[in-house]
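**Q** As a plain string of letters, each chain reads:
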Amino acid sequence: LAKTTQPISMDSYEGQEVNITCSHNNIATNDYITWYQQFPSQGPRFIIQGYKTKVTNEVASLFIPADRKSSTLSLPRVSLSDTAVYYCLVSYSSASKIIFGSGTRLSIRP
Amino acid sequence: DAGVIQSPRHEVTEMGQEVTLRCKPISGHDYLFWYRQTMMRGLELLIYFNNNVPIDDSGMPEDRFSAKMPNASFSTLKIQPSEPRDSAVYFCASSYSGSLNQPQHFGDGTRLSIL
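Residue numbers (our numbering), protein chains in the order written: chain Y, 1 to 110; chain S, 111 to 225.
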């Protein structure tokens, strides 16, 4: 199974768009990528999920290129409250395995 | 819905003692997951159940750790004997049936300190 890799940390400013990329090779066509957000002293919380092309909801977008070796979480116009740790998760359905990335600590400044 | 409920929220005990962590998943969810989170190792999957049956326990550190799910509304993670290196935050999560792809709902965790 592949390891999921994310940047350890990122900084940005309020109002900017933030893109966090997760690398994951050996992913099958029906394997999903899910992103979670975690604040201190809380459990991770679901943000968005997809398995190909682009998915958008009210808080984020998820871009998955054709080779599916990576995925990018896009947060439009971030605010201070988006400061958190963001995790990508790959669900390897055929192997009945799930693997979390190591997390990206996002810091938003005024 | 009350969400995933974990107890206790905090546990402090001495090395060698038995520790039992408890989890009540969201009603109707068929998958239940136990995770351990530390600064050094991040979020690690320990074990998960589907319809009360353990599916993957390859993440369980060693024989001192055991997990059970006697029914659809309750699971325990037990450490016996506990060691200082077991100190971490332990999360339980559940997800709806269908596949492993369903989004997981996490509890607020149990912060465990072994002295």
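Source of the hints: derived by calculation from the structure; they are not laboratory data.
Some hints here could point you the wrong way.
[As the list claims (entries may be wrong)] Pair ranges (Cβ atoms, derived):
#	chain 1	residue 1	chain 2	residue 2	range
1	S	K178	Y	Y13	45 to 51 Å
2	S	V163	Y	I99	16 to 22 Å
3	Y	S23	S	E124	38 to 44 Å
[As the list claims (entries may be wrong)] Straight-line Cα separation of at most 16 Å, EDC-like style, residue types lysine to aspartate or glutamate; simulated pairs:
#	chain 1	residue 1	chain 2	residue 2
4	Y	K97	S	E121
5	S	K188	S	E124
6	S	K134	S	E124
7	Y	K52	Y	D67
8	Y	K97	S	E128
9	Y	K97	S	E172
10	S	K188	S	E128
11	S	K178	S	D167
12	S	K134	S	D218
13	Y	K3	S	D218
14	S	K134	S	E154
15	S	K178	S	D140
Bear in mind the structure is a predicted one, so any value in this text is a computation, not a measurement.
For each residue, glycine too, the CB sits at the ideal point set by N, CA and C.
**Q** Starting from the range 38 to 44 Å, see whether the pair S23/Y and E124/S falls in it by beta-carbon distance.
**A** 42 Å, holds
**Q** So if I understand the rule, the pair passes when the alpha-carbon distance is 16 Å or less; does K52/Y with D67/Y pass?
**A** It holds: about 9 Å lies between the C-alpha atoms, which stays within 16 Å.
**Q** Checking one constraint from the list: CA of K97/Y to CA of E128/S, max 16 Å. Satisfied?
**A** Violated - the C-alpha atoms of E128/S and K97/Y are around 29 Å apart, more than 16 Å.
**Q** Are K134/S and E124/S close enough, with their CA atoms no more than 16 Å apart?
**A** 26 Å, violated
**Q** Can you let me know if the beta-carbon spacing of K178/S and Y13/Y is within 45 to 51 Å?
**A** Distance hint for K178/S, Y13/Y holds at roughly 48 Å.
**Q** Compare the distance between the alpha carbons of K188/S and E128/S with 16 Å, and conclude whether the hinted pair is satisfied.
**A** This hinted pair holds, its Cα atoms lying about 7 Å apart.
**Q** Holds or violated: K134/S with D218/S, Cα cutoff 16 Å?
**A** Satisfied, since the Cα-Cα distance of roughly 12 Å is no more than 16 Å.
**Q** Regarding the pair K178/S and D140/S, is the alpha-carbon distance no greater than 16 Å?
**A** With a Cα-Cα distance of about 14 Å, the restraint between K178/S and D140/S holds, given a limit of 16 Å.
**Q** Holds or violated: K188/S with E124/S, Cα cutoff 16 Å?
**A** Holds. K188/S to E124/S sits at ~15 Å (cutoff 16 Å).
**Q** Below or equal to 16 Å on CA atoms is what counts here, so check K97/Y against E121/S.
**A** The given pair, whose Cα atoms are some 30 Å apart, is violated under the 16 Å limit.
**Q** Are the Cα positions of K178/S and D167/S separated by 16 Å at most?
**A** The given pair, whose Cα atoms are some 11 Å apart, holds under the 16 Å limit.
**Q** 16 to 22 Å was suggested as the range; check whether the CB atoms of V163/S and I99/Y agree with it.
**A** This hint holds: roughly 21 Å between Cβ atoms.
This entry does not satisfy hints 4, 6, 8, 9, 13, 14, going by the numbered hints stated previously.
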